[in-house]
Amino acid sequence: MTAVSAAQPEPTTTADPSGPPPSGTKKTSVASRLVALTGHWAVRLGLVVIALIWLMPTVGLLSSSLRSPEDIGVSGWWSVFDFNSSFPWVIDAGQFTGENYNALLSNELVTGSLFTTLLITIPSTLTVVIIGALAGYAFAWLDFPGRDWFFLLVVGLLVVPVQVALIPVAKLFNTLGLFETTAGVVIFHTAFGLPFAVFLLRNFFAEIPRELLEAARLDGAGEVRLFTRVVMPLGGPAIASLGIFQFLWVWNDMLVALIFADSSSPPITVALQQQVRQFGNNIDVLAPGAFVSMIIPLIVFFAFQRQFVSGMMAGAVK
Amino acid sequence: MPTPTPTPPTEDPPGAGTAATKDSPGGTASVAASAPSAPRATKASVSVMRSRPWIAFSFLLPAMLLLSALVVYPILYSVFRSTFDASGSSFIGLGNYVEVFTDDEILTAFKNNLIWVIVVPSVCTALGLIFAVLTERVRWGTAFKLIIFMPMAISMLAAGIIFRLVYEQDPQQGVANAVWVGVHDTFAESSAWPGARPRPNADLAKSGGGDFTTKSTASASGPANLALVGVPPKDAAGAAPAKTAQPKPGQVTGTVWLDFAPGGAGKPDVVDKKEKALAGIKVEAVKDGKVVGTAETGKDGTFSLPSKADGAKLRLPASNFAEPYNGIDWLGSTLVTPSIIGSYIWMWAGFAMVLIAAGLAGVPRELLEAARVDGANEWQVFRKITVPVLAPVLGVVVVTLMINVLKIFDLVYIIAPSASQSEANVLALQLYLSSFGAGSNQGIGSAIAVILLLLVLPVMVVNIRRLRRETRR
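Protein chains in written order, with our numbering: chain C, 1 to 318; chain L, 1001 to 1473.
No lab work stands behind these hints, which were simulated from the structure alone. These numbers were taken from a predicted model, which means no experiment stands behind them. A hint or two may mislead.
[Stated by the list, open to error] Simulated pairs of lysine to aspartate or glutamate, DMTMM-like, Cα-Cα distance not exceeding 25 Å:
no.: 1; chain 1: L; residue 1: 1290; chain 2: L; residue 2: 1211
no.: 2; chain 1: L; residue 1: 1282; chain 2: L; residue 2: 1211
no.: 3; chain 1: L; residue 1: 1234; chain 2: C; residue 2: 108
no.: 4; chain 1: L; residue 1: 1248; chain 2: L; residue 2: 1203
no.: 5; chain 1: L; residue 1: 1384; chain 2: L; residue 2: 1136
no.: 6; chain 1: C; residue 1: 171; chain 2: L; residue 2: 1099
no.: 7; chain 1: L; residue 1: 1299; chain 2: L; residue 2: 1272
no.: 8; chain 1: L; residue 1: 1290; chain 2: L; residue 2: 1203
no.: 9; chain 1: C; residue 1: 171; chain 2: L; residue 2: 1085
Construct the complete structure from the given sequences, taking the supplied hints into account.
Shown next as structure tokens:
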């Protein structure tokens, strides 16, 4: 660090606005510039290759989902790229067909499972946001005995693995008649989404300027009014992050649904999972099925990247 | 952290980052101009709200009810249940834990979980760091990041199906094997006639390692006839008819052909009409164990060796007859765990990259510039400045990944075929199978749940401590 600070005099001399442009201050030999240039291109090329590798599995799924079962049987999904024609390779669109998707979406089991997924995902997201916000507000702004201790407990629960709850909750739901019901799955997801929700929203609500709340209080607003009119609207960004997180988490869940969902009308992840056992003969079902299950999360992800990332930052340890 | 500049270390305003760095040597004025951000209101440790406790509790009630019934109670019940046998009626103390640590299948799960916990956080963090640093100065870095980050949005089930497809054994189906076989065949020549062999009791016979060698010696005076059988007629249908080699002065000649005529008209060891030539076969002349000449058969099955081969035995190396290479068994018992780990890294490297990239944006630019001006090369700057500043972020990434990986279930359950599922076993999968699979034993399942909880306990403690430190300030 001391060596770094010693560099101070040099930059300050160029602080003179009439001085030479900063780009000219660094003199480099031709050789080192050449190295830097090739290094630049090597880096770019490397990044392109990595990006292609990362894309390939998904492209493979998409391509497979669009090929007829007969084509899938005889050749790989990459045969849609016509390597024999001259560069740039053209995509042999003739191989593509929508018949897999047609068959899939006319299957009532599949459409029903998509509906079940929505039926689980939307209520779970809403309940987590509402219940989490209520508790977050209480922890941030209300006074009650043991507040800090309770909050520490919630933070401790952040990292509890869902697996710990599977057996006990299965038993509990059995007694309550919630086992293998959509309501049971919603309740389970809500409970396990709560520690993160309370943690995120409490921290966000605590940053609301005190004057705003005091002003509203002076205007005669009660707790409920403060919560619905001041805190919730101001908490928008955090609530959006939380909602997107919970939505993706519940939509993508398989384990909880595998145990707690109604097996006669399971969500899409469980329905597809049952097909995986015969992998190889049913790529024409699995590939479009997987793609259909990915569409909504991908749309949500691309539309709300910013909120997704900020939610991830806020609660990296989950 | 001592800062090198006398001016307050304010961050560049978002969006103006590149502009600020370009004139950084003269940037002191602009840094001083941007006022330090207003101090945030301190955490509301004392409430302004003179509310009654019952109001607060009614706000908290739904959350507390759900958390205590579905998170806290299960923890206690799991500990209790883990001390009972499968039926749940008789107390067996630590019996389930003893079984967990002696059962071979569960020990495999422990071993695999250990591999996961070591490999995934380190590889993901390393990749994330590399990607974040490399994309920093590339204009389309955002697009790159989006591609790497995208798998975070999809379910483990979808990722599992995607990678089942990638790892398919058949090189005509799975892209991993297609690439691997392609690379393999570029470096190792594929054999011309898999399965071809001499007739039993012929002059040409097995000589170890899959090679075939003549018992007699070849001579320049007469052509050598090396008859083979065992090639399905349809494979040889496109081959040219075999020809008897013409003796050439100073050379040893001969023919390698498929000694089988349709209809059984041909005589053994004689090149009959309609019999097919075996082109592209390597022939070696061996004298006293040394190769003195090599040749390859032409379209008509003939070959000619230099005169040195006179008196040598003729050998057809095994490489002529090897079965076609079929790639790697990615999901077989030896490679199944590394393969699944590969798919997890595909999903989560983006997570590490995004967090690290955000951390990188917080590295004071003037510090980097100063070091460069001082003559430090990029590697030194990276090692001595970037990494130390990033250390807390790297810690968060590693710990988060460790916790996630400890609970890994879906990917293993989906990707591992039933034949190698026990080799790919992990604790969460074992818990599921023990608790809800055939012949379930919820005592064992509960014991594994308690062990999982104990493994994340240190992180829980660290989280709570960090929070208490922050609130006390």
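Here is what the structure says about each hint:
1. L:1290 - L:1211: The hint holds at about 14 Å.
2. L:1282 - L:1211: holds (11 Å)
3. L:1234 - C:108: With a Cα-Cα distance of about 47 Å, the restraint between residue 1234 (chain L) and residue 108 (chain C) is violated, given a limit of 25 Å.
4. L:1248 - L:1203: With Cα atoms ~23 Å apart, residue 1248 (chain L) and residue 1203 (chain L) stay inside 25 Å; holds.
5. L:1384 - L:1136: With a Cα-Cα distance of about 18 Å, the restraint between residue 1384 (chain L) and residue 1136 (chain L) holds, given a limit of 25 Å.
6. C:171 - L:1099: holds (23 Å)
7. L:1299 - L:1272: holds (16 Å)
8. L:1290 - L:1203: holds (20 Å)
9. C:171 - L:1085: With a Cα-Cα distance of about 16 Å, the restraint between residue 171 (chain C) and residue 1085 (chain L) holds, given a limit of 25 Å.
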